[in-house]
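A.B. asks: Residue numbers (our numbering), protein chains in the order written: chain A, 1 to 138; chain B, 1 to 125; chain C, 1 to 501; chain D, 1 to 136.
A portion of the hints provided could be inaccurate.
[Claimed, not checked] Computed footprint of chain B on chain A; a stretch qualifies when at least three of its residues, placed anywhere within it, have a C-beta under 8 Å from a C-beta of chain B:
{"hint": "1", "segment": "42 to 54"}
{"hint": "2", "segment": "80 to 93"}
{"hint": "3", "segment": "110 to 119"}
If you are wondering where the hints come from, they were derived from the structure by calculation, not from laboratory data. For each residue, glycine too, the CB sits at the ideal point set by N, CA and C.
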Amino acid sequence: MTLDAVDVAFTEAAVGAGIATILMLATLAITSARQKPSEKRALAPMLAAVATGLVLAYGLADLPPFADPEAPAHRHVAPRYLNESAKEIGIPNVVTSVLASYRGYDTLGEVTVIFTAGVGVLVLIGRTRHRRRENDDE
Amino acid sequence: MSLLSEIFAYFNYWVVVILIMLGMYVVMANPNLVKKVIGLNIFQTAVFIFYISMGEIEGGTAPILDDAFTRYANPLPHVLILTAIVVGVATTALALALAVRIYRAYESVEEDEIDAEDARAEVQE
Amino acid sequence: MIAQSLQVGAHLPALQVVVPLLAAPVCALIQRPRVAWATALAVSVLALLMSSALLERTLVAGPISYALGGWAAPWGIEYRVDTVNAFVLLIVSLISTLVLPFARDSVEQEVRADRIGLFYTAWMLCLTGLLGIAITGDAFNVFVFLEISSLSSYVLISLGSERRALVAAFRYLVMGTVGATFILIGVGLLYTMTGTLNMMDLAERIGAVEDTRAVKVAFVFLTVGIAIKMALFPLHAWLPNAYTYAPSAVTAFLAGSATKVAVYVWLRFFFTVFGADYAIESMSMMLLMLPLALSGIVIASLVAVFQNDAKRLLAYSSVAQIGYMALGIGLFSTTGLTAAIVHLFNHAIIKTVLFMALGCILLRTGSVRIASLAGIGRRMPWTMAAFVFGAMSLVGVPLTVGFISKWYLLLAALEFGWWPVAALVVATSLLAAVYCGRVVEAAYFRDPQPGSIQAHAREAPLTMLVPVWILIAANIYLGIDTDLTVDVARRAAVILIGAVP
Amino acid sequence: MRHHIIVRVSTRILVAFILLFALYVQFHGDFGPGGGFQAGVIFGAGCILYGLVFGVDALRVVIPDAIVRSIAALGVLLFAGVGVVAILAGGNFLDYSVLGQTPTAGQHLGIILIELGVGMTVASVVILLYYAFTNR
């Protein structure tokens, strides 16, 4: 079963190569912390997780079957992207057309999210211009 | 529709449900902050699978226009999930940065140890 | 020249969000604390002017639609401004504008100097996110801007001076991400069933599929996800620590804006997307929300009474106040909604001023534990006087805005003849008097330890006192002249419920 | 790894190809899969590979902290700036059609520019994360 989501696959691959490395480094930085077995609080989370799963399953079982071309998701907004984007935007990759133009504003938001994360990481653990002050929290 | 094809038609969705339960459980039950972040990632990945699944069309190809094909997968869910993946990565990076700082401040990333430490500081005040 | 100004007017909805968005990287490039602060303040003032212009236009000419990228909805992303969200835009930019002058000194004391440039970058991003959520007419776009505001608020909270701020930010991040992912699931389900993401388009198409289980589940996930973000009891666990350990200016800003925007998103989905009838009849929201709202009000107020830290006390009070808004919404009448929306505004200006007053004390003494507030009323008379006025408004003393909120809430409850609910509202107001009273009692009727910092504290600087007293003036003026807020809130309620009262 | 000559030489060659591939993905996203985000991550990953083999300080010499931070901010400014230019040219925010002689030419130009903005921010944030997480 394939999903024909080449752009998504590509992104996941790139993220795996680039970000996973950082994730690994971050984990290395705090690996001396060891896992202790702790069973006492497991019941309530279990119930919450199962409840969420059941509610979701209840709804998902009602969706149009997988890959059904008649599903409403494919009949209303999406056809315009596939049929008109060649004329309106003029590039063959429809995902790029939607991402960069039809819903370009979401992408601006997405870049802003990345920037926000960058700012946050810099504030938290970035190298700072002055050396650390006395009695600081670190 | 036979039972088997019924199960198969919704196979992706079952995976989504199981991953969501797994992710939520790890997020809530595991006291290790780094593992909580991993739980969040599982949770988010489940939603990515849900979105891509709903974009697929029987007999469609990747939505890159070419004269050889007439039927394409729905590009919109792909776009949405690209955004969501990016948001997920950004959240992970920030969460890990916080975990690193917490480790420097408490010398632990175990929730119960951190709480115990805070309780001790509270008594001293 | 006229053509020029008309053109700017036509792009106001986009500029409302884009100007702070542009200011964020500019602040990051500047890095110098005072310049970054001045930029943030200037942009905030500009945002306030734009939101007032937008509110005025929606009152005169009805909803404004703006097609981003020039692509008409539902193919492109639409910004849609009506009286409801114009009012929310005004609240958010007003709070940011009033807290920023106060923030300069407060932040310089609480945040390390080399982080201040990025602090204001995060502030601008948070403002961008909040305004973006409020203005958009696209369900997925809500998620994107929600994440901008969430990530930046985790950063802002983590900058508190104690290490517990880090843990508070982490826990908020975990809960916030679960909430946002729930919203993502809800939006995904709605898209699968209708094929659209535009809210107006969703509202039109949802009727045909509203009996399906998928739409019901979408409703549940959206409700729970947004409830986490607005800290509705019992999903409020992230809020008390986040508000207690965040820098004072951040607490004041978020308390006045972030939860309010989440309440707005709730309103938007309940009333515009799903429709009031669906929410009440199919999902029996009334039965679910009233107990949650009422128990949230009672329990959070009681917990507040027993707090030893004034910031945490006010944080629990905020959870209770969210309960009042949920109560107003849960009554599902024009009066109830009016009460909720009025309280949205009023609570923003009440809680912001209370947290700002605590920020002044924190600047001078370094602690807002109730025990260490002893005698502060004599050392910092203006600050504490402001706190007393704010507290009176929170309790709901007549001639303050707090009274107006409670009054409409009582009216809404009595419309249904629900005396016990009305009595509970009054009783919990007394609880508010008790917990605020603890702070006031310590400040005025106890003596400071001789030789302590408190005994020699100076009054806060004017840059902090002036915004505090502007808000107090607003609390009293809008408590007497109610036309402004109640009128707008009523019109907003009518738009949401879709009927003439 | 700093002393293994084979690793060092092959890394140099590999990094060159990775960066080249990143540029290909950046500017070819219109036709195949890819675009600014993927290109940015690949570019960042290439730089991280260099940093892993030659040391993070060697990478810092090539790409200093201050530059990385500025490019992250400039990428956002470029993207939003294209939107503002569209307003000045008489369209709505981010309406690229008004940027060129014909609407499709404008769309092309707009998409290339904003993808560049995305790539800049993503690549520099990836490098920035690497710098930050290797700080001790």
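A.B. asks: Decide, hint by hint, whether the structure agrees.
C.D. replies: Comparing the hints with the structure gives:
no., hint, verdict
1, 42 to 54, "holds (count 9)"
2, 80 to 93, "holds (count 6)"
3, 110 to 119, "holds (count 5)"
Taken one by one, the earlier hints all hold for this structure without exception.
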